[in-house]
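Engineer: I would like the entire structure built from these sequences, with the hints used as guidance.
In my numbering, the protein residues as written are 1 to 292.
No lab work stands behind these hints, which were simulated from the structure alone.
Here the structure is a predicted model, which means the values were calculated and not measured.
Some hints could be false.
In silico lysine-lysine, BS3-like type, Cα no more than 27 Å apart, as pairs [to be verified]:
| hint | residue 1 | residue 2 |
| --- | --- | --- |
| 1 | 59 | 173 |
| 2 | 87 | 151 |
| 3 | 161 | 59 |
| 4 | 62 | 150 |
| 5 | 81 | 161 |
| 6 | 74 | 59 |
| 7 | 165 | 59 |
| 8 | 150 | 161 |
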Amino acid sequence: MDAQEQVSQPPVRKKRQIKNLLIDRSYQLRYMLWSVVLCVLIFGGLGTWLIWESRESSKFMKQQREAFIQAFRKERSASTKIVEKIKTSARKDLRKVLKVSRDMLNVQLKDKDPDVRSLAKSAQSEFEKDDKVRLQRMQKEDAALLTRRKKEDAALLSQIKHQAKKASMRRTKHEQRVLFFLVGFGLIAVVLISFFSILWTHKVAGPLFKMGRYFDRVSEGELATLQGLREGDQLQDFYARFQRMHQSLRAQQEYDVEVLEGLLSQDLSDTAKEQLAQLLEDKKDSLKSDDA
Numbered sequence: 001m002d003a004q005e006q007v008s009q010p011p012v013r014k015k016r017q018i019k020n021l022l023i024d025r026s027y028q029l030r031y032m033l034w035s036v037v038l039c040v041l042i043f044g045g046l047g048t049w050l051i052w053e054s055r056e057s058s059k060f061m062k063q064q065r066e067a068f069i070q071a072f073r074k075e076r077s078a079s080t081k082i083v084e085k086i087k088t089s090a091r092k093d094l095r096k097v098l099k100v101s102r103d104m105l106n107v108q109l110k111d112k113d114p115d116v117r118s119l120a121k122s123a124q125s126e127f128e129k130d131d132k133v134r135l136q137r138m139q140k141e142d143a144a145l146l147t148r149r150k151k152e153d154a155a156l157l158s159q160i161k162h163q164a165k166k167a168s169m170r171r172t173k174h175e176q177r178v179l180f181f182l183v184g185f186g187l188i189a190v191v192l193i194s195f196f197s198i199l200w201t202h203k204v205a206g207p208l209f210k211m212g213r214y215f216d217r218v219s220e221g222e223l224a225t226l227q228g229l230r231e232g233d234q235l236q237d238f239y240a241r242f243q244r245m246h247q248s249l250r251a252q253q254e255y256d257v258e259v260l261e262g263l264l265s266q267d268l269s270d271t272a273k274e275q276l277a278q279l280l281e282d283k284k285d286s287l288k289s290d291d292a
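Structural biologist: Set out below in structure tokens:
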């Protein structure tokens, strides 16, 4: 086999076995570890940011809700004060009218005419009764209005709190779904990255391991024919240069064999022939093919 035939040898297609993927454990596992750490940092940072954003949004919505409740209570308080002010003014006006009526009755009660005084007493009795009924009615109306407004306020606040609770539960479930998705997808990504990082580094570590074995053999004087890399292995160009270097050494060894064979055909002493024969045998042994 000449140098051109060996260099142009197509990659060998061999089936990789899982147990043989970790050729250089230190390099491959370290590369896998850094890949996994980077993946965990990316997904951890993304998950932290998403949860932080969700909680900030929840915090902002809670602040808006509390501000709305405070504004609502303030508006209710202001409107209540206005209503009370109007009622107070109306009562004052009513008291003025009633005072005028009482004054007129008091004048009539002092009248000399007994009939007038009798009518005045009767009117006064009816007036006091009407005044008492009017006061009770006004108190009932005020109490009913206050009760109705309290119920309305309580119902509205209860509805707001209920909606807030539902929104909080939805956000919690959303955060849990996001967290579960990130954890699940992150675990899948870690497994895939671990596997493919080992597979990819194997395509680098494999050729380096094979060349290391060939270097050891060359250092021991063995120049057996090289096998090509597997299909898909990296460092194909570098390995082709290594093959050319190896073939140059092999060609030199083959030339030495031819020279030694020529010397053995000449008339030499037995001792010289014996030494040359041993040297020739060693060089031929170094050229014997052997599986890598």
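Engineer: Is residue 150 close enough to residue 161, meaning Cα to Cα at most 27 Å?
Structural biologist: Status holds; Cα separation ~16 Å.
Engineer: Given the hint that residue 81 pairs with residue 161, test it: the Cα-Cα distance must not exceed 27 Å.
Structural biologist: Holds: residue 81 and residue 161 sit about 26 Å apart, inside 27 Å.
Engineer: Are residue 62 and residue 150 close enough, with their CA atoms no more than 27 Å apart?
Structural biologist: Given pair residue 62, residue 150 holds - Cα atoms ~23 Å apart, limit 27 Å.
Engineer: Verify the proposed pairing of residue 87 with residue 151, using a straight-line Cα cut of 27 Å.
Structural biologist: holds (21 Å)
Engineer: Tell me if the straight-line CA distance from residue 74 to residue 59 falls inside 27 Å.
Structural biologist: holds (22 Å)
Engineer: For the pair supplied as a hint, residue 161 and residue 59, is the alpha-carbon distance within the 27 Å limit?
Structural biologist: holds (15 Å)
Engineer: Are residue 59 and residue 173 close enough, with their CA atoms no more than 27 Å apart?
Structural biologist: holds (16 Å)
Engineer: Take a quick look at whether residue 165 and residue 59 sit within 27 Å of each other, Cα to Cα.
Structural biologist: holds (13 Å)
Hint violations for this structure: none, all hints satisfied.
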